[in-house]
Amino acid sequence: MTAATTSVTTASLADRVQQWWRNSNIPPVYGFVVIIFLLSIVLDLLFGVDDQLFITNPVILTNILVRSVALGIVAIGQTFVIIGASIDLSVAFMISVTAVGGSYLMAGDPSRVWWTVLVLLGLGVLVGLINGLLITRLKINPLIATLGIGLILKGLLNAAFDNFAGAVPRSFQSFAYDNIGPLPISVLVLFAVVVAGWFILRRTKYGAHLYSVGGSQEVARLSGIRTGRVLTIAHIICSLTAVLTGLFVVSRLRSGAPWVGTDGLYDLESIAAVVVGGTALSGGKGGVLGTLGGVLIFSLLDTMFNQIGIDAYLKQILRGAIIILAVGFYTFRSVEEPS
Amino acid sequence: MSQITVPVESESFFSKLWNWLRSVNPIYFVVIVLLLGVAYLNPVFFEPNNFLTFLERSAPLMIMTAGQVYVLVSGGFDLSVGSIATYSVIAAAILANNDPGSTWWVLLFILGSGIFFGLISGSIVTYLKVPSLITTLGMLLIVRGIGLYWSGGAPRGYLPDNLRALGRGGLEDIFGLREFPYAVIILVVMGFIYWLVMHRLNYGKQLFSIGDNPRAARLSGVGVESVRITAFIICGASAALAGILIGGRGGVSILAGTGLEMQTIAAAVLGGTILLGGRGNIPAAMAGALALELLFTLLNLMGLPKPLRDAVQGLIIIGAAAYMAYSSRRTQ
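Chains as they are written, first to last, in our numbering: chain Y, 16 to 354; chain H, 26 to 357.
Keep in mind the hints are simulated off the structure, nothing from the lab.
Errors might be hidden in some of the hints.
Said to hold, decoys possible - With a straight-line cut-off of 20 Å between C-alpha atoms, the simulated SDA-like cross-links for lysine to any residue are:
no.	chain 1	residue 1	chain 2	residue 2
1	Y	Lys-154	H	Arg-243
2	Y	Lys-330	H	Thr-283
3	H	Lys-154	H	Arg-243
What the hints assert, rightly or not - Quick partial rundown of chain H residues pointing at chain Y, CB under 7 Å, derived from the structure:
no.	residue
4	Leu-153
5	Ile-167
6	Val-294
7	Glu-318
8	Pro-332
9	Gln-338
10	Ile-342
11	Ile-343
No experiment lies behind these values; they were computed from the predicted model shown.
Ideal Cβ positions, reconstructed from N, Cα and C, are used throughout, including at glycine.
So here's chain H without its partners, still in its complex pose (with noise of 0.2 Å):
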């Protein structure tokens, strides 16, 4: 009688190219599209030179974005990623003091920092069962409270130029360029090792599984707390390095990580990362960072005043994120 009738997919070329087109994340595209307006109004910014000194600039938001989606996609928050930076900035210029001689161990120590605030974020979170926002604000406090307290509330100190240079120099002369930043150099091997970690060894795997499930994945054998420290962990030394780079581009501030926090979940959401866990992407949450900060290059150059490239990101966020939740209703 009154049959339904399926149309019959016909696999043609354009089909089989728009189901591929529909598989990619929308965050690249939406990097390609802020990239081509920069462009537009800036037609230098592809020359190699230029391109590499805005990834140079970019690359702090995008390591610390990486390490925000190790926590993200275990089910947790990390509010303190922006303290962290603070205070590896005004740490590493206190403890260097303007001695080329003492680079290494100051790094060591402001890495170790890292390490330590996030041991402890993570130690609460899982012991104390504090929820990490709760966890990781007080957090935010104590770093931040420890890096002002010990430099007396004014940036003290200098960095020495070796240890500055990880985030303003570059191997010169080299494929014909200016130079080519160190800190570009840092960014794409810490991202290719974020994706190894996350998309390809047994830790991402388990790491996706506490963040779905945490009961399923203790029940399966995870080792739930130590997976789950391991990514704050993560998440603090990411943050510590990007102090780092920040501290070595901008110079000693005690304002340097300020909002960071913020800006890192934003990034990640921006990139499909699924905020109380089980989803997120290590490329295209730091294809998010990228897009954060060609809009902000872009809002720039359009000349808008600084205060309302606020408001632009504000309406980017939440457009991106009533986007994802109205394509995952329509998926399910």
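With the rest of the complex left out, here is chain Y (with noise of 0.2 Å):
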């Protein structure tokens, strides 16, 4: 008797959580997020170099956010284009040129801040109106027209600089080292684009055009939405996103160069962080907290295998393989031919 009851009280605890777990719309990446932590406090206890544990030095805890800005602004960006089955490969080469430009530009004069960055957020307005001409009026493949955009930035880029160019005044460089209270001023302009992103996903009307573009082009188009002109914003949203990724990466490094970009493989970790996050690369579902959960992911595995002294190259095959197996979560019970 009292066994069965016992037994029909835990059932009824995990069916409560599970119900919970449902309601409340955490996206499930967050359910790996837990398990990663977990894991690396365990591989950390077993493995650690050092004899403190990650977990109680706030130092690395932070650093495991830090880690997360500059692919977190960028990958929110491209959650917008994939959300609008469309994808942005440029958004490396943007970085770079936005790097390079903003040392260039500003000179170390902190006179010259203000009207860089306006330049630089103008460029990403163009670069992203262009991708999306591209894609929705000549109809261009995006992984076409976003990599054929890549190379002539890049081939732009490094015609002009070939090695690190000017610097950023000190100034500027507290975007990137300075803090507000406790949490570094990165931090939370990370946290800021994360929130707006949401906002603008689910509490207004683009964003709900958004998904339904996403969802099925001919559909929207006969439902009257304007499909071009919303996947077009999608784009400048994203570029928009890459300079200010580009901006924080040139703050951390005070002096930019042509391959910062591209070396930090912007274009596919971005791709891979919102995938891992939950949003479908054939569009229409998804959201920015799935993405910011991939992002935080990548994050807590390279402190992990920093932690625990991972070889750089084994490192790359454990990445790629969580990649995989991550997305194959989500997938493997699709009925859905793959692509």
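The two chains are supplied separately, each in an independent frame; assemble them into the complex guided by the hints.
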């Protein structure tokens, strides 16, 4: 009797937890985040290279967040285009352009910061607009269009600069290094971008339109949505986040070089973070909170690998395997044909 | 009353010629124009020895592109081909370690690795249903990681001369030529096989049908799983073969295959391959790869700095894709 009652209560507790999880609308990727967090504590205990546990070290914990900033901001923009069933491969080159352009134009002079930032944001709007128009007006496959634009940016940048150029003033470096209260400014900026992204997607008419364009462009068009405009705006948002990431990167490095964006693999990693976060490449599903989870997984893994002193190349192998497995976790039950 | 008069098409010689010209894939005209441009700037380009050297240099990209077309036609992408080429160069150098006697088993091992990587990618896409873009992105990291982990991040070992000969040697004193490159022989033989398998064998028909409409293909009895996995295997093996040629020509480098994944996709698109499946043509795609190499040569002859070549390549890719999107809308 008593045993039976206990088992009933535990079952209902499990049910209740499950119920709460379903109702909470937390993207499933946070399950992975928790698992990897726990796993890294265990691995740290077993194989850690130093005595201190990383969760007791606020510096490392903050570092996990700071690591997430560069990839996180651009991945939020990538989420927008992928929800619209498009993709942007030009972001890595855009980040390089911003980083080099930023340090070159600022030239260490604090009074030049504001107009430099404005010029770069304007450039972001322009590149996003071109991407969007190539895709929506000329009907070029987004992969090819943004790859082409990326190559053009890369070519022009490499023709003009072949090394670190200029420097940002000390005041601008506070973006990457200073705190407001306990939190770094950069982390606050990341959270602001996430909240803004969440608000646009979930609480505005534009967001609803973007989901429907991604779900089915034809249906969206027939229900009176200007699909081309909606998708073009998504591309502009994506390029703007790339500019923001570029500004963060250059404020951290102090000076930009033409390879900082491509070496960071921001194009492919931002796509991977979005998809690991539960946004489907086929469009119409997902959101920025999931993407933030995907980005956190990457930076948690990075931190864990550093803690247990894993070889840099082995790290790459594990990273690749984890991307595939995490996405496979969503897709393996799918009845749709793979693409 | 107001009748619509249809002008009677006179079947003159010129209209027939015009219709025939319009049915030819435009990439061939692009290749001809580029060939003329290169020959104009460098009159000795068409001398057999020089031209064969150019073909030898283009062979790896053309072979990789043909492999990529198999995956593209099936409706996927393979981003791991550049990494597989890099891996092949690194692994061959370590395994052979300048021992000419090891060449044959090293060759088999490298081709086997390419097949293995293709099998893994294809199986993940087919059974775990992970989108091929993500799968092969993961494989890009994994395969490059394996190569670099194995070698410790710096080129190690040597390629024996008889292995390198595949990429830079040739049959000497034949047809009155200085030498006839092995790479060109491999290119011709492989090109024929790629064409045969895709455009003449049943497998090719099945491949087109799964790229066009996988459900319809499945319902009509096509083994969608095995056809798709085979496409990835062909692509992986081609990348490994190209890696051997690249290593032979350029020697051991850990950057040997960098960026080739996008070049093969761009070349295939130039050759009229439609992304997301169902349409593609091996000779045209290989001509697309040749056009890219000709373009690099031309820009080089024009004295453009290397970086600007990227920009021009980007413009050309966008232009070609826009033209094809335009012409396919016009015919609909």
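Results of checking the hints against the structure:
The suggested pairing of Lys-154(Y) with Arg-243(H) is violated, with an alpha-carbon distance near 30 Å, which exceeds 20 Å. Simply put, Lys-330(Y) and Thr-283(H) have alpha-carbon atoms about 19 Å apart, close enough for the 20 Å limit, and the pair holds. For a cut-off of 20 Å, the pair hint linking Lys-154(H) to Arg-243(H) stands: about 16 Å separates their Cα positions. Hint status for Leu-153(H) relative to chain Y: holds, with the closest Cβ pair at about 4 Å, below 7 Å.
For Ile-167(H), the suggested interface contact is upheld, since its CB lies about 4 Å from the closest CB of chain Y, less than 7 Å. About 6 Å separates the beta-carbon of Val-294(H) from the nearest beta-carbon of chain Y, less than 7 Å, and the hint is met. The restraint placing Glu-318(H) at the interface with chain Y is violated, with a minimum CB-CB distance near 16 Å, outside the 7 Å limit. Checking Pro-332(H) against chain Y by beta carbon gives a least distance of about 3 Å; that is within 7 Å, so the hint holds.
With a least beta-carbon distance of about 5 Å to chain Y, the hint placing Gln-338(H) at the interface is held under the 7 Å criterion. The beta carbon of Ile-342(H) comes within 4 Å of a beta carbon in chain Y, closer than 7 Å, and the hint placing it at the interface holds. Satisfaction of the interface hint for Ile-343(H) is found here, the shortest Cβ-Cβ separation to chain Y being roughly 4 Å, below the 7 Å cut-off.
Comparing the model with each earlier hint shows violations of hints 1, 7; every other hint is respected.
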